[in-house]
Structures are given as C-alpha cells and as structure tokens.
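> Residue strings, one per chain:
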Amino acid sequence: DAGITQSPRYKITETGRQVTLMCHQTWSHSYMFWYRQDLGHGLRLIYYSAAADITDKGEVPDGYVVSRSKTENFPLTLESATRSQTSVYFCAILASGTTDTQYFGPGTRLTVL
Amino acid sequence: EDQVTQSPEALRLQEGESSSLNCSYTVSGLRGLFWYRQDPGKGPEFLFTLYSAGEEKEKERLKATLTKKESFLHITAPKPEDSATYLCATSGGSNYKLTFGKGTLLTVNP
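Going line by line, the protein sequences match chains A and B. Counting in this note's numbering, the first sequence runs from 9 upward without gaps. Counting in this note's numbering, the second sequence runs from 24 upward without gaps.
The shape of chain A in the complex, shown without the other chains:
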C-alpha cells in the first residue's frame, strides 16, 4: 500500500459529459502524475505536478485539465469526454529522497459511451 487512493474505481459516462477523477496521497510528496494505460500503447503520461499550483503537460494532455490546490490532491478532469478517452487511469507519486521511483495508485477504469 503506497498511500495513494483513486476515486471512483470504475466510472461509466457518456460522450460530452464532464468527468473528474480524484487522486489523493496520505503523505505530502511534491510530485504527482497522471497516466493512462491502453492496449497497444502502454502507460502514457497525461499531466504531472511538481508542487501545489505547479502543473505541466505530459505526452497526451489534449482533452484533459488538472489542478492542484492542495499538495495531497491531484484531480484530473475530462471537460467533454470522448470515446477515445476510454481507458484505465493511474495516479502516481514520486517518492521523496534520493531515488526517482514512482509509486502508483490502484487505477480508475473509465468507459465513455
């Protein structure tokens, strides 16, 4: 258990709806990340955050919005969901200290109809 929770664990929504996926860490690690995992593509970085109020784009940011008003929370919002955003979404934190190791949450499976 890496102290990372994601909610909801499963979500079904319709095209055009707004959806927010939540990520919460029980510590206060600075870096947090959002990835999506799709068959044939592996894990791809969507957005990351180096600290509260500091966010930056990853490899596949289009259609997503993030915010980080509190260190422990890093929500990911799909402003107008599309079928291509059907995926499994993982949040991760960077363990503080001398390593660059990221630890992952349990994931949210999102289906957009």
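Bear in mind the hints are in silico, worked out from the structure with no lab data behind them. Be aware that one or more of the hints could be misleading.
Claimed, not checked - If we take Cβ atoms under 7 Å as the criterion, some of the chain B residues that face chain A in the derived model are: (1) R60; (2) G66; (3) R84; (4) Y119.
What the hints assert, rightly or not - What follows is a list of derived Cβ distance ranges for each label pair: (5) R35(B) x S38(A): 37 to 43 Å; (6) R91(A) x L128(B): 36 to 42 Å; (7) S38(A) x T49(B): 25 to 31 Å.
Said to hold, decoys possible - Straight-line Cα separation of at most 27 Å, DSSO-like style, residue types lysine-lysine; simulated pairs: (8) K65(B) x K102(B); (9) K65(B) x K91(B); (10) K65(A) x K82(B); (11) K65(B) x K78(A); (12) K78(A) x K120(B); (13) K125(B) x K80(B); (14) K65(A) x K120(B); (15) K125(B) x K19(A); (16) K80(B) x K65(B); (17) K102(B) x K120(B); (18) K65(B) x K19(A); (19) K125(B) x K65(A).
C-beta atoms are modelled at their ideal positions from N, C-alpha and C, and glycine is treated no differently.
Let chain A serve as the given structure and place chain B on it in line with the hints.
What follows is chain B alone, placed relative to chain A:
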C-alpha cells in the same frame, strides 16, 4: 525522444524454467531504469531501480541488470505466482517523467 522497447511481448514458461525479459532503451541522460510488476486490474508495483551500467539488483527469484543500451529481468525457477505483466520504464534528462515500454506478459504454468 525517449524510447523503450520490451521483448518478448508474451512469454510462457513451465514452473522452474528460468528465462529473461529484455528492455532496450534510448534516452538522453539516463536518470534511472525502473522495473514494475502489474497484476490484472491493479496498478504497477515497483520492483527495482537501476542507475548505471553494470548495476544489478535482486529480489527473491528476480534479478535486474543494466547495460548502456538495455536491461534484463532474469527470472530464476519461476513459480505460478510470478505470472504478471512486467513493465520497464526510463527517466532521463532534468525531469522525473517516465517513459514506459508496452510490457511483457509472463505466464508460468504449474
């Protein structure tokens, strides 16, 4: 652009049959190479971090090695509970972003 390629895509072994998984990478200024294990329906579970060529790390039946171009995950006398997808990732340059390979699905039959 960083690239990570894992092979084979899938590997089926008999219990006790040792083998290796390969991870080839291209990255500017390697910060670290990471191995994760992922079970169905779960998030990736951290196994190892390797930082420089020649480094080796072991955990139970797993041993990870690193050269300047690739990493190997050696599995000695595997058991059915070792069945999972094994992911390789790199971080490079001045940031902590990870680039993942597509993974190797390992199945160990009893």
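> Hints first: check each against the structure and report whether it holds.
Okay, the hints, checked on the actual structure:
no.: 1; hint: R60; verdict: 11 Å, violated
no.: 2; hint: G66; verdict: 4 Å, holds
no.: 3; hint: R84; verdict: 21 Å, violated
no.: 4; hint: Y119; verdict: 5 Å, holds
no.: 5; hint: R35(B) x S38(A): 37 to 43 Å; verdict: 41 Å, holds
no.: 6; hint: R91(A) x L128(B): 36 to 42 Å; verdict: 26 Å, violated
no.: 7; hint: S38(A) x T49(B): 25 to 31 Å; verdict: 28 Å, holds
no.: 8; hint: K65(B) x K102(B); verdict: 20 Å, holds
no.: 9; hint: K65(B) x K91(B); verdict: 31 Å, violated
no.: 10; hint: K65(A) x K82(B); verdict: 34 Å, violated
no.: 11; hint: K65(B) x K78(A); verdict: 26 Å, holds
no.: 12; hint: K78(A) x K120(B); verdict: 21 Å, holds
no.: 13; hint: K125(B) x K80(B); verdict: 22 Å, holds
no.: 14; hint: K65(A) x K120(B); verdict: 10 Å, holds
no.: 15; hint: K125(B) x K19(A); verdict: 24 Å, holds
no.: 16; hint: K80(B) x K65(B); verdict: 24 Å, holds
no.: 17; hint: K102(B) x K120(B); verdict: 33 Å, violated
no.: 18; hint: K65(B) x K19(A); verdict: 16 Å, holds
no.: 19; hint: K125(B) x K65(A); verdict: 21 Å, holds
Going down the numbered hints, you'll see the structure goes against 1, 3, 6, 9, 10 and 17, while the others check out.
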